[in-house]
Amino acid sequence: MDIRYEVNPVDFKTYQTEEVRNAFLVETLFEDGRVQFTYSHYDRLVIGGAVPTTEPLELEWTDVLKTNYFLERRELAVINIGGEGEVTVDGEVYSLVKRDCLYIGMENKQVQFRSKDATSPARYYLVSAGAHRVYPTKLLPISEAEPNKLGSDAESNSRTIYKYIHQEGIQSCQLMVGMTLLEPNNMWNTMPAHLHDRRMEAYLYFDMEPQTRVFHFMGQPNETRHLVLKNEQAILSPPWSIHSGVGTSNYTFIWAMAGENYTFSDMDAVPMEDLK
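Numbering-wise, the sequence shown is residues 103 to 378 according to my numbering.
Incorrect hints may have been included.
Said to hold, decoys possible - Calculated pairs, PhoX-like style, for lysine-lysine (alpha carbon to alpha carbon, straight line, at most 20 Å):
#, residue 1, residue 2
1, Lys200, Lys168
2, Lys378, Lys115
3, Lys218, Lys168
4, Lys200, Lys218
5, Lys211, Lys240
Hints in this document: simulated from the structure, not taken from any laboratory.
Using the sequences and the accompanying hints, generate a full structural model.
Encoded structure:
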């Protein structure tokens, strides 16, 4: 398990490109036949990827957590971004096609990931946060998720947002998870920018062509930096940072939050004139 420690925003002002990448960019999450995790000290969020091929993969306990099993004191979101697959949770099987979301509550002891077709494997994006009570495991297919249309072609940000795990959707202790799809010829997300100092956020960018890149902007509003991302790479965004991006083409991203409160609209808008 890759471990990432917190960064002081004062220290961040001195970071060069490689230091920023090492602290916040997760370059490799998906590898055939493996489960991989990155553990962030921001709100103890864990993100990962599981790509089962010919054999199923287990959500294995890790010594980093110092618990008897992975979900003993955690909850988990699973979003499939690949081929059709199945997730088995303590003996119950859930089928997931691309963009379906499965919430798995605390105290489930065995989680197993399968692909229906090894030549077109499922690609499970995993997001886990600490939990204090049991919420039921629940599947939300993309076909049943409510689409919210936002933005415009004039602003290059025409997009559809699907909320999966939130106050009015799948219930959780602290995870909030959703997905944003940008329309063709639209490239901007989360601009004008905002902060939410009460929680951190992780972004997974995907559905990108090999030569497509996303320029992800982060930092305090008056001290911004950028990172260049390829397909299926993720960003750990600290509470003190904006989180905005623009691509060389359209793309899709999954956003996941954990932290102090459970209110999706808790955002501090940043005026454009404050960005530097």
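Checked hints:
no. : hint            : in the structure
1   : Lys200 - Lys168 : violated (33 Å)
2   : Lys378 - Lys115 : holds (12 Å)
3   : Lys218 - Lys168 : violated (33 Å)
4   : Lys200 - Lys218 : holds (12 Å)
5   : Lys211 - Lys240 : holds (16 Å)
Of the numbered hints stated above, those contradicted by the structure are hints 1 and 3, listed in ascending order.
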